[in-house]
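Asks: Chains D and W, in that order, are what the protein sequence lines are. Heads up: the first sequence at position 229 corresponds to 229 in this note's numbering, and the numbers run straight through without jumps. Heads up: the second sequence at position 146 corresponds to 1146 in this note's numbering, and the numbers run straight through without jumps.
No lab work stands behind these hints, which were simulated from the structure alone. Here the structure is a predicted model, which means the values were calculated and not measured. Treat the hints with care, as some may be off.
Said to hold, decoys possible - Label-pair ranges, simulated between beta-carbon atoms:
id: 1; chain 1: D; residue 1: PRO120; chain 2: W; residue 2: GLU1033; range: 25 to 33 Å
id: 2; chain 1: D; residue 1: GLN312; chain 2: W; residue 2: ALA1118; range: 40 to 48 Å
id: 3; chain 1: D; residue 1: PRO153; chain 2: W; residue 2: THR1034; range: 38 to 46 Å
id: 4; chain 1: W; residue 1: LYS1029; chain 2: D; residue 2: GLY160; range: 41 to 49 Å
id: 5; chain 1: D; residue 1: LYS66; chain 2: W; residue 2: GLN1032; range: 38 to 46 Å
id: 6; chain 1: W; residue 1: ASP1098; chain 2: D; residue 2: ALA173; range: 34 to 42 Å
Where a beta carbon is used, it is the ideal one built from N, C-alpha and C, also for glycine.
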Amino acid sequence: MTLVRKAALTVVGLAVVALGAAAAFYLAFVPQPYSADEVAARGEPDVNNGAYLFAMAGCASCHAEKGAKAGDRLKLGGGQSLVTPFGTFRVPNISPDAATGIGRWRLVDIVNAVARGQAPDGSPYYPAFPYASYSRLKLADAVDLAAYLKTLPAVSNQVGAHTLAFPFNLRAALFGWKLLYFNRFSAPSEIAALAQSPSDVIARGRYIVEGPGHCGECHTPRGPLGGPDLARWLAGAAALEGTGRVPDITPEPHALGPWSPDDIATYLETGFTPDGDVVGGAMSEVVANLSQLTEADRRAVAAYLKAIPAIQPAPKPTKP
Amino acid sequence: MAWTFKSALAALLIAGLAATAFGADDPIKLRQETMKAIGGAVGSLVKMVKGETPFDAASAKAALATVATKAQGIDIASYFPAGSDKGETKAKATIWSDPDGFKAALAKLQTAAEQQEAAPLASIDDVKKALGALGGACKSCHDTYRENKS
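Based on the sequences and whatever the hints tell you, model everything.
Replies: Take a look at the structure:
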């Protein structure tokens, strides 16, 4: 054996070890897909609960046509473009159309797409789809939501591919993203401790905000690779689309500090702020969805938002 | 000494006058004050609907009248002149790139405000209805023509 061959073998050997270690980490730390048996164990899905989760998770805001109203919000043919610093994402068709939608998917495929960020062929989704938050869905809720999606009208609409900048166009890199950030769109430990709190209301609010409601996806700032800055949980961020800012919603004096829980619940139902301002922009869609929840659930969201640590918003970026 | 004092006084006066003139003509300030007035009136109705203040037909009417008057007073040429998208403002560039759409959105608010001012106001349910109508008009405009900044 020559020295060159020996060196080459060592390099290959090290690469295999590194890959193996990465794979082991991936399996250990990234939530793994549900099995068909786990999904079947749910029994007969409750599609009414699925419809409720559909509103809570805001699926229609991206997957229906932009600005769709009433019944058109149930036509999930996709096609909206999300223009972000990473590139342009094209929202897929998730209507039960067999050719262009997800008509051929099994229930477990939909559950794993939503709650595990994994396509039926095993490839990972881009986190523009907020599955890091949806991974917190209780399995029963995820199954009900999946079953509800299957009851919606089929829309025939072939959606084009994303156009993303390098290196974001490398889908394999998403395994790395999931390894780094999946399961992290959740508040830091002091907030996690709230779930242990005696107040069921706060725990329910936490489930809605951190799970299906996916509030942190926009209200928590992200690093350059799209991972959340947990030290600034819900403390406001640059908008992912366009040039605006997403506000701080912690109990900080300049944020929701002066708002009573009642003010927050009213805002989520009607879009009116305590000072008579009215919601606009992307949050308008959120209000359209959350207005369909029960009063108790809106109050739970309010209770959670009043309970988390107050964080000052980041200083405004200076103008160039 | 006397000269310095006089010129300082004059400078102050000129600065003061300039500030007043600028304030009156500054469309951004004009817009913000109008929005604040409308918000204040709407906010008082929201308080009533939430039960934080008791239902009072007279003050609800007065609030609706404020909204109607302020909304009627918005004249696009003086409130949103070209170039007034620069500065500390949430006005979005779409106002100037889509003037017809913006004009229609403003007309929607003016019509809604006028209708609600004229509508009968006998109970808290009527306040709710009025708020719903106004809120819809506010929202559809904010969705497209206001930047989210905080």
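Asks: Evaluate each hint against the coordinates.
Replies: Hints, verified against the model:
Between PRO120/D and GLU1033/W the beta carbons are some 56 Å apart, a value that contradicts the proposed interval 25 to 33 Å. Against the hinted window of 40 to 48 Å, the Cβ-Cβ separation of GLN312/D and ALA1118/W comes to about 46 Å, which satisfies the hint. At roughly 44 Å, the beta-carbon separation of PRO153/D and THR1034/W lies within the given 38 to 46 Å, and the hint holds. For LYS1029/W and GLY160/D, the Cβ-Cβ distance of about 45 Å falls inside the hinted range of 41 to 49 Å, so the restraint holds.
LYS66/D and GLN1032/W have their C-beta atoms about 29 Å apart, which leaves the hinted 38 to 46 Å range violated. For the pair ASP1098/W and ALA173/D, the supplied restraint of 34 to 42 Å holds, since their beta-carbon distance comes to about 38 Å.
Hints 1, 5 from the earlier list are contradicted by this structure; the remaining hints agree with it.
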